[in-house]
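*Asks:* Working from the sequences, and respecting the hints, build out all of it.
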Amino acid sequence: MAPTLSPAWRQRWPWAAGILAVAAAFGLQTQLYSGQVRTVGTIFMFVALALSWNLIGGYTGYASFGQVVFFGLGGYVTAALMTHAHWSFWLALPVSGLLAAGYGALIGIPLLRLRGHYFAVATLGVAEGTREIVTNLPDLTGGGGGITLPTVGAAASTKYLGNDGFYLVFLVLAALCLLVTALVSRSKFGFALRAIHQDEDAAAAVGINTTRTKVLTFALSGFLTGLVGATYAFQQVTIYPERLFDVELTVLMVVMVVIGGSGTVLGPILGAIGLQFLSEWLRQNYTTIHTLLLGAIIIAAVILLPQGLVNYLREARRNGDYSLLANVRRYRL
Amino acid sequence: MSGFFQATIYGLLQGGLLALVAVGFSLVWGVMNVVNLSHGAFVVLGAYLGWQLHSSLGLDPFLGMILVAAVLFCLGYAVQRLLINLVVNGPIFITLLLTFGLELLLVQGMNIVFTANYQSITTSYAGNAVIVGDIQLPLGRLLAFALAVVITVALVRVMSRTRVGMSIMATGMDRGAARLMGIRARHVYAVTFGLATALAGMAGTMVGVVDTFNPAAAGRFTLLSFVIAVLGGLGNMYGALVGGMLMGLVQAWGGYFLPGTWVNALAFLLLVVVLIFRPSGLVGKAFYSARLEV
Amino acid sequence: MKTPRYLATASVVTLALSLSACGSKGDAGGDAGAAAGVLNLGASVSLTGKLAREGTLTQEGYQLCQDKVNAKGGVKVGDKTLKLDIKYQDDTSKPDTAAQLVDQFNDQGIKLILGSYGSANTEAQAAVIERNNQVMVDSSGADNNIFAKGYKRTFGVLSPATEYAASIVKAIAELATPKPTSVVVLSADDGFSKRAADGAVKAAKDLGFTVLETQYFPNGATDVSSALNKIKGSNPQVIIGSVHLAEGVAIVKQSKELGIKPQGFGETVAPPTPDFVTTLGADANGVLGSSQWTKSASGKDDYFGTAMQYEADIQAKFKHEAGYHNAEASAACLAFVLAIQKAGSTEADKVRDALAALDAPSFFAQLKFDATGQNSTKPMSVIQIQNGKMVTVWPKDSAEGKLIWPGLAS
Chain Y
1 MAPTLSPAWR
11 QRWPWAAGIL
21 AVAAAFGLQT
31 QLYSGQVRTV
41 GTIFMFVALA
51 LSWNLIGGYT
61 GYASFGQVVF
71 FGLGGYVTAA
81 LMTHAHWSFW
91 LALPVSGLLA
101 AGYGALIGIP
111 LLRLRGHYFA
121 VATLGVAEGT
131 REIVTNLPDL
141 TGGGGGITLP
151 TVGAAASTKY
161 LGNDGFYLVF
171 LVLAALCLLV
181 TALVSRSKFG
191 FALRAIHQDE
201 DAAAAVGINT
211 TRTKVLTFAL
221 SGFLTGLVGA
231 TYAFQQVTIY
241 PERLFDVELT
251 VLMVVMVVIG
261 GSGTVLGPIL
271 GAIGLQFLSE
281 WLRQNYTTIH
291 TLLLGAIIIA
301 AVILLPQGLV
311 NYLREARRNG
321 DYSLLANVRR
331 YRL
Chain E
334 MSGFFQATIY
344 GLLQGGLLAL
354 VAVGFSLVWG
364 VMNVVNLSHG
374 AFVVLGAYLG
384 WQLHSSLGLD
394 PFLGMILVAA
404 VLFCLGYAVQ
414 RLLINLVVNG
424 PIFITLLLTF
434 GLELLLVQGM
444 NIVFTANYQS
454 ITTSYAGNAV
464 IVGDIQLPLG
474 RLLAFALAVV
484 ITVALVRVMS
494 RTRVGMSIMA
504 TGMDRGAARL
514 MGIRARHVYA
524 VTFGLATALA
534 GMAGTMVGVV
544 DTFNPAAAGR
554 FTLLSFVIAV
564 LGGLGNMYGA
574 LVGGMLMGLV
584 QAWGGYFLPG
594 TWVNALAFLL
604 LVVVLIFRPS
614 GLVGKAFYSA
624 RLEV
Chain H
628 MKTPRYLATA
638 SVVTLALSLS
648 ACGSKGDAGG
658 DAGAAAGVLN
668 LGASVSLTGK
678 LAREGTLTQE
688 GYQLCQDKVN
698 AKGGVKVGDK
708 TLKLDIKYQD
718 DTSKPDTAAQ
728 LVDQFNDQGI
738 KLILGSYGSA
748 NTEAQAAVIE
758 RNNQVMVDSS
768 GADNNIFAKG
778 YKRTFGVLSP
788 ATEYAASIVK
798 AIAELATPKP
808 TSVVVLSADD
818 GFSKRAADGA
828 VKAAKDLGFT
838 VLETQYFPNG
848 ATDVSSALNK
858 IKGSNPQVII
868 GSVHLAEGVA
878 IVKQSKELGI
888 KPQGFGETVA
898 PPTPDFVTTL
908 GADANGVLGS
918 SQWTKSASGK
928 DDYFGTAMQY
938 EADIQAKFKH
948 EAGYHNAEAS
958 AACLAFVLAI
968 QKAGSTEADK
978 VRDALAALDA
988 PSFFAQLKFD
998 ATGQNSTKPM
1008 SVIQIQNGKM
1018 VTVWPKDSAE
1028 GKLIWPGLAS
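In order, the protein sequences belong to chains Y, E and H. So in our numbering, the last one in the first sequence is 333, and the numbering has no gaps at all. So in our numbering, the last one in the second sequence is 627, and the numbering has no gaps at all. So in our numbering, the last one in the third sequence is 1037, and the numbering has no gaps at all.
Since the hints were made in silico from the structure, they are not lab data. Idealized CB from N, CA, C, for every residue including glycine. Incorrect hints may have been included.
As a list, the in silico SDA-like pairs of lysine to any residue whose alpha-carbon atoms are at most 20 Å apart [to be verified]:
1) H:K1029 / H:S925
2) H:K888 / E:V465
3) H:K779 / Y:G162
4) H:K1029 / H:A803
5) H:K883 / E:L345
6) H:K888 / E:F337
7) H:K1023 / H:P1006
8) H:K883 / E:V465
9) H:K888 / E:S457
10) H:K859 / E:D467
11) H:K707 / H:D694
12) H:K859 / E:W586
13) H:K888 / H:V838
14) H:K969 / H:Q993
15) H:K946 / E:S389
16) H:K883 / E:T456
17) H:K806 / H:P1033
18) H:K779 / Y:A155
19) H:K776 / Y:A155
If the Cβ cut is set under 8 Å, some of the chain E residues that face chain Y in the computed set are [claimed, not checked]:
20) G423
21) F426
22) L430
23) M443
24) G515
25) R519
26) Y522
27) A598
28) L602
29) L604
30) I609
*Replies:* Take a look at the structure:
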């Protein structure tokens, strides 16, 4: 019999791999130029965003098309606190996350009663509506003209972190999201989420409090997304509602998770890194047609790997069949 | 008071056209469970085709619309048959991704072929208004509204009276059973999508007459279609009409009573409220959300 | 024991990441360009996204400048002559991408940056420029806010935002007979438009007009009917629009639909753009616009000649009429070239000082920057669309034709 892993190792090696990856990412910073640091920092930002969406969309199966509302709220709360109340960024950051989580709980209670497409569009409506409300409170948020966080002179309560600083913050946020996802994935809570995804009525029948679980997950994913949004706002210095509540960000989160493999720990990470790398590389080398190529590549990826990369690898390993064409045949009409 | 009536009429006219933009999207989502993120791109493509026909051949856009519909039907059929049918059985949001990629492709393609210039189909008559008392009814919008209503009614007729229409409905209700009855699901799906894009194209041409457009406008139309389709209930044609007009009214009244920048907020608030209290839409039927699939 | 596949994969992935980074560190950096007799300027332009149209016009301006400079041999830096080579990147119309590109240019050793299109992108870039000790010449970010932050390394060749609509008001006050009395201001709600609207309201009040009301609508709206409906009752004689192209077209189009007939329209940004006339057709006639530059501008320089020559060059190379977006971009590039030649060096600090002290004539306008970096002494021109063509009507000394008033087409 071939030597196999001891049960203890089998349980622990993913944690070891995760810690190794995060440590490597810390070390990576010393190898990069300032502009590259910024680019990789943005990749970590998307990793965090994808992982946070994965909690509500991937595990629980409630695809939130309005996830960006937490991103924007986190950003604007930080902006308002730092600009008007002169708070330090380090204080505004957790508060923004908590307020975003609170918003998630608040809207989650009525919205999570809806299912499938209706939930998706309702969250989209909330996101767009929130953006419009933010645009219409110019005294607090600067409205359509944007708001500028104080980063120079005496008004700046926190020194601007610079590309290196933001790299570290985004990396820590990505690691935090990874940790949360890993913990959720292996816990009873995670099983509850998967149960709700597969058959919500049956889950309720076995005694899971589906409403409470869903709202909690929504708030948690909102918290994480809000933290990322707050950091983003500080990084950008001047923020506008149409950018911070941009529906394209939600779409990107969904694309990254689904291409990587939704409902898994590794899937969103691979999806985020892969997609960001690809779009950056295309944009730098094919300045005129990069969106065209990106669209074509996404179409190809979706047709060949409809279930996402990680799930495809799992199934292929189990069946011993790696053929992509067979994969296509499995899912087509 | 006449300002209020003017706003109301204008909003209704606008709403009719919006409904036509959204009806194809609603059809595809309701029947095939496909979320078509590239719907807005097809609308803009229709506008460009109508504009091209008008500027090269001098063809009046309301006539050229028919040609545009034919071309876009073929395009939509091909897209569904060759691309989307490949992933229809996959996890629920895979079609979303596919259409996202398609949208990038289409918008950038239009950017390259037609350039990013803003365009509009200028006709001699569209800007003139029929004046009824104190109210101005712009001719272009009036025509667009009338056509939108006519097309929607015709569509409902097609769906409920013709073989093609009924096979679409049947496949939408229960694909497995439909196949067992001899309906070729792949073909029916492709026809549905082609129909949706043809409708989008017609709406696009009309939008081109009353509005300015450029490739970047695609996203706006998709978002609008999302909202109106769900407002009216997925897969429900009359619902799309009602949803569209409601949207137009809300925007007009909101714009009249509130500062101009609150209009969009109101529209989305309406959507959320309707969804919370009537989740299957204003005119929607419950069975579309409990569909069987094999 | 057999290494589990996933652990191996994870290690390989992270290792690959580190290695690829090592590799690229060797490639990037250093002025490899300068050694080869080439001067690189970095330009992030909006080639895709909602600003694609204006971004392309900006790129055209930069490209023409490069041609003209290289036709004269290049940029004289001390005793060397370097060929000008502008490196373009697409910022997809997003301010954060525009800022990121400035950082990436910095990595490649490119310290001299030509601005992206629009105030939002330029503002984001200016912050990064200041941090990285680069230098930027801004071609199209007119918002006064950009220059109110104490930045020392960004210079704008264009007139500030507050002048955009105010100049139209001044032109009407000076030239229109009979002089109208009431004005309504319609504005998009982004920072630049609001700034321009405020400037218009102030100028109108100073010149004795009654400002009946100011209405706002969302930036980029193609349907401004609700705002128009609100002002219809007050029967304004002049409608001033502080807008961009889409809203500008909508105001004229929908006013006709709703039966609103002022004596004239005046709009920012939209009328001088070629698309304005092509989308509105005959309805565009009579509309006033303000422009950073028209082909009847006085002033000439050694590279572009006069404004008329510039117009002819753009027509020949790009097959359309020259717009002010082209001209301000070329002027920004020209400012860099002149400053570099004056400084005799491509070092960022020296170029920065040369720009601050620059005072040179050009086909665009006198290139001179005040203490905040803005070209505040530069006047704007007011044009009117007459028979489908742009005609400069103000200021009087560069006017090509007379103002037609009332300006409304039948």
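*Asks:* Which hint numbers does the structure go against, in order from smallest to largest?
*Replies:* Hints 23, 24 are the ones this structure does not satisfy, whereas the remaining hints hold.
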